[in-house]
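Colleague: The primary structure of each chain is shown beneath.
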Amino acid sequence: MTIPGHPGAEAAYDGNLMAGPLSELFALDVTVAVVRCRGCGSSTEVATLRVYGPDPGLVGRCPGCDDVLLRVVRTPDAVWLDLGGVTSLRVPAPRVAPAGDGDESART
Amino acid sequence: MDFVTRGFQGRPRGRDERLPPGQYLTGDFPVLSAGPTPGVDHDEWELWVATEDGTRHTWSWQELMALPAETVTVDIHCVTSWSKLDTEWRGVSLDTLLADVETAADFALVHSYGGYTTNLPLEDLLDGQAWVAYAYDGDDLRPEHGGPARLLVPHLYFWKSAKWVRGIELMLEDSPGFWEQLGYHDYGDPWREQRYQGD
Numbered sequence: 000m001t002i003p004g005h006p007g008a009e010a011a012y013d014g015n016l017m018a019g020p021l022s023e024l025f026a027l028d029v030t031v032a033v034v035r036c037r038g039c040g041s042s043t044e045v046a047t048l049r050v051y052g053p054d055p056g057l058v059g060r061c062p063g064c065d066d067v068l069l070r071v072v073r074t075p076d077a078v079w080l081d082l083g084g085v086t087s088l089r090v091p092a093p094r095v096a097p098a099g100d101g102d103e104s105a106r107t
Numbered sequence: 000m001d002f003v004t005r006g007f008q009g010r011p012r013g014r015d016e017r018l019p020p021g022q023y024l025t026g027d028f029p030v031l032s033a034g035p036t037p038g039v040d041h042d043e044w045e046l047w048v049a050t051e052d053g054t055r056h057t058w059s060w061q062e063l064m065a066l067p068a069e070t071v072t073v074d075i076h077c078v079t080s081w082s083k084l085d086t087e088w089r090g091v092s093l094d095t096l097l098a099d100v101e102t103a104a105d106f107a108l109v110h111s112y113g114g115y116t117t118n119l120p121l122e123d124l125l126d127g128q129a130w131v132a133y134a135y136d137g138d139d140l141r142p143e144h145g146g147p148a149r150l151l152v153p154h155l156y157f158w159k160s161a162k163w164v165r166g167i168e169l170m171l172e173d174s175p176g177f178w179e180q181l182g183y184h185d186y187g188d189p190w191r192e193q194r195y196q197g198d
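Heads up: the sequence lines are chains H and B, in that order. Note that numbering that gives the first Met the number 0 has the first sequence beginning at 0, numbered continuously upward. Note that numbering that gives the first Met the number 0 has the second sequence beginning at 0, numbered continuously upward.
Simulated from the structure, these hints should not be mistaken for lab results. Mixed in with the good hints, there may be bad ones.
Covered stretches of chain H (chain B as the covering partner; in silico rule of three or more C-beta atoms under 8 Å from a C-beta of chain B) [said to hold, decoys possible]:
| id | segment |
| --- | --- |
| 1 | 55–62 |
| 2 | 76–90 |
Just the calculated beta-carbon pair ranges, DEER-fashion [stated by the list, open to error]:
| id | chain 1 | residue 1 | chain 2 | residue 2 | range |
| --- | --- | --- | --- | --- | --- |
| 3 | B | Thr86 | H | Gly83 | 49 to 59 Å |
| 4 | B | Thr86 | H | Ala26 | 39 to 49 Å |
| 5 | B | Leu66 | H | Val78 | 17 to 27 Å |
In this text, a Cβ means the ideal position worked out from N, Cα and C, and glycines have one as well.
Bound conformation, chain H alone (with noise of 0.2 Å):
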């Protein structure tokens, strides 16, 4: 969870610490997401972010521009999220049948 050596970085933690918190506002594994930095364009896996915290809230960092990608708070009675730093949040989800599967003769 740790980046341990990198050159020139601060941050304590990786992305993977905002699992738990992401956890409560996401159906599925946010950790795995790609996320597109709106500062410099670069698509990074969320569980790469630079993440200073954990108090008072995490700020996940792009690991090429260092600007901040997200922040969530968890407060006692909600969690906030901000995602003001990407253009896009792609995650992995369960495929789905294409449309057009199946019997369309059952639909007329």
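Here the structure of chain H is known, so what remains is to put chain B in place on it, guided by the hints.
Modeller: Below, chain B without anything else, positioned relative to chain H:
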């Protein structure tokens, strides 16, 4: 049968009256950061104050050092529940910095090198309540604690005392800062335990 009846136990023994509710004492100086420590050289450092009409006042490091400084001993209280008593700081009072600034603003948004922000009422920066501090415990303020200079507003939770301060935006309306946007209290009075929105 209880020897001491419930509701008549008095103050917990040994609890310091200078400790706000929900806080514990520490002798350490914990470091909490929302990002990498920005390195700012004195010759590049600048502090600005911008008013609501766009007027901008700036101070170089040399100009800050030339202003009258104060040494203050204060208690500090972090929202993560640690408190540290009798901390000694040296810096320039906001009363001095804002003395010649004309404004009708009621609020301030403090900006830091590295992008951090925090909001507070302008009146909480005045009347001997706030400083731009550049020394701690007799030494230059270390970068991990906000050096070269940080805001010091000890009567509010310490996230309001922005590390690596670089500017103060004076505004007619309140605007939430980095943590205030994400669930933390807009004012943050430790004695009223205003940690989160709604407290």
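Colleague: For each hint, tell me whether it holds in the structure or not.
Modeller: Verification of the supplied hints:
Counting residues of the segment 55–62 of chain H whose C-beta lies closer than 8 Å to any C-beta of chain B gives 4; at least three are required, and the coverage claim holds. Counting residues of the segment 76–90 of chain H whose beta carbon lies closer than 8 Å to any beta carbon of chain B gives 3, which reaches the threshold of three, so the coverage claim holds. Distance hint for threonine 86/B and glycine 83/H: a CB-CB separation of about 34 Å, inconsistent with the stated range 49 to 59 Å. At about 46 Å, the CB distance of threonine 86/B to alanine 26/H agrees with the hint of 39 to 49 Å.
In this structure, leucine 66/B and valine 78/H break the distance hint of 17 to 27 Å, their C-beta atoms being roughly 44 Å apart.
Of the numbered hints given earlier, the model fails hints 3 and 5; all others are met.
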